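Undergrad: What follows is each chain in one-letter form.
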Amino acid sequence: MGILAKERDIVVPGEILATGMDFLPAGGAYRDKEDIIASQVGMIQIDNRLVRVVPLSGRYASKRGDTIIGKVTDITFSGWIIDIGCAKDAMLGLKDATSEFIERGADLTQYFNIGDIIVAKIFNVTRVKSADLTTKGPGLMKLTRGRLIDIQSTKVPRVIGKQGSMIMMIKDMTNTRITVGQNGKVHILAQDPEMELIAVEVIKMIEANAHKHGLTEIVKKFLDDKLKGKNISIDKTKAIVLEKKPILKNGEENV
Amino acid sequence: MYKKRFDGRKFDEMRPMEAKVGVVKRADGSAMFRIGKTIAIAAVYGPRELHPKFLQNPEEGVLRCNYNMMAFSGSGERIKPGPSRRSKEISHITEKALLPVLNLKEFPGTVIDVFIELIQTDAGTRCAGITAAAMALADAGFIMKDLVSAISIGIIDNQIVIDVDKEEEDYEDGMCDMPMAFMPKAGEVTLLQCDGFTNKEQLKKALEMGKEACRKIYEIQKTALKNKYKVEE
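Taken in sequence, the protein lines are chains Y and D. Reminder that position 92 of the first sequence reads as 101 in my numbering, one-by-one numbering, no gaps. Reminder that position 199 of the second sequence reads as 1258 in my numbering, one-by-one numbering, no gaps.
The hints are simulated quantities; they were obtained by calculation from the structure and are not laboratory data. Please note that a few of the clues may not be correct.
[As the list claims (entries may be wrong)] Simulated crosslink set (DSSO-like; lysine-lysine; CA at most 27 Å straight-line): (1) D:1069 with Y:164; (2) D:1289 with Y:171; (3) D:1096 with Y:42; (4) Y:213 with D:1289; (5) D:1270 with Y:42; (6) Y:80 with D:1275; (7) D:1069 with D:1112; (8) Y:213 with D:1287; (9) D:1063 with Y:42; (10) D:1285 with Y:221; (11) D:1155 with Y:15; (12) Y:213 with D:1079; (13) Y:72 with D:1204; (14) D:1204 with Y:15; (15) Y:164 with D:1079; (16) Y:213 with D:1285; (17) Y:15 with D:1063; (18) D:1155 with Y:138; (19) D:1263 with D:1244; (20) D:1275 with Y:164; (21) Y:42 with D:1164; (22) Y:229 with D:1275; (23) Y:15 with D:1069.
None of these values were measured; they are calculated from a predicted model.
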C-alpha cells in the first residue's frame, strides 16, 4: 500500500506508481486492480490523492480553448485550412474569421492568403479530432513580421511559467514581444535583432532543460550572462506596438 | 545432445545488450537496441494524415511498421534492398505485436509510421526490432498500456536455449526457432511464432524462460528511456 514513486521521478509505461485504493490515476496513468500504472513516459506529479504523469514528448493534440499559431495551407469555399502541427489540419470557417460580412463568391485571399501565419483560438474539436478555429477575439490576428520558431508542445507550459512568470521575464529583459502558441509555435518580435536572437536562444534553452528543477533561476542567470555588457536602454517610448487590426486586407498598409 | 553453446553462454543467458533512446533527432521518437551483434534502429513518425485516403480508418488510427535489413547488414552476402516476402511478413507481425499496447482510438484517420532498420544482423532481428520499436513509441510520447519486449527462443537437440545467434540458428541437425514478444507488466504474450518441432511440455517451459528473459529486457528498456531525461547533478 502506498506510493512507490517519488514526485518528479521519470517513469515509463508499465511502471507501478502506487498501490491501493487511496490513490486515483489522472492523465498518463491508469488503474489495474490495486495498482496505478504509468501509461506514458513522463514526470510524475502527486497532487493529494491524484497521481499524474506529465508527458515530456509527443505531438500536439488539439484542445478546446487553446490559442495556437498556424499556417494557412489551403482555401476552400467555406473557409481556410490551417496547419497547426497536429495530426489533423484545422479549419477556419468564414463566419469565425471576421465579423465583417463576406459576400458570396468573394476573394478570400484578401483576408488570409496561403502561407499566412495566424494566431487563432480553438473553439471546438470535432469527433474526428480536427480543430475548428476562430480569429475573432483579443490578440487573435495575422502575423506580418517577426520570427517564428518551433518548440515541442509539451514544453510550452515551462516556457510560459506559472501565471506567465517565465515569459514575462524574457519579454521584460529582452524588450521583445512574444506570442506562445499551445501547439509549440513561438512568435518573437523585437526592435533590436540582437535581442530577438537572445530571446530565441533562451526559449531553446528552456526547451532543452524543461524537466529540470529550479528552471527560473537557470534562465535568469542565462539571461543576465547574455545581457551583460550589452547596452540595452529599454526605451519605453519606443515599445513595440502591434495593434490589432480586424483584418489586414492586401493592399492595405501593413503595420 | 547440445551440451555447450557455441559461444559458451549458459542456456538461459542472453547476449550483451545495449539500448539508447533518441538516436534519430528529427523523428518524433526513436531508439536503438543491440543484442550481441544484432543492432536495430527504430524511428516513429506521427500521428500524421494517412494518404491515400482510402486507407484511412475514421474510427481509429493505423499503425504501419516497416522492417528492413540493410544491404550490408548480413554475413557478407549483399542483401537485396526493397521489400521481400520475408520482410513483409515481419513488418506485419511487428504491427500485431505492438498493437495491444497502443490506444489508436485517439487518432482517427491518421497513421503512425514505425521504421525499423537493421544495420547489423546476427539472428533475432525481429525481436530486436520489436524491442526497439516499443521504446521508440514510448519516446514519441504515446499513451501505452505497457512496453513490449521480445526475445527469440530456440530448441536445439531437445535443449531450450534463450536468444539464438546465427551459428545456432544454422545448427546442422535442425532446430526449432520461436520468437516471442511479451508485455512484462500485463503478462501477456503479443507474438509467438514457431518454426520447427516441439511438444507441449517443452513449449510451456520455453515460454516461461522466454518471459523471464523479456522481463530482463524490460529493465534495459526502462533504464534507456529514463536516461534520456537524466539530470546530471
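Undergrad: What hint numbers does the structure not satisfy?
TA: Result: hints 1, 3, 6, 7, 9, 11, 17, 20, 22 and 23 break, sorted rising.
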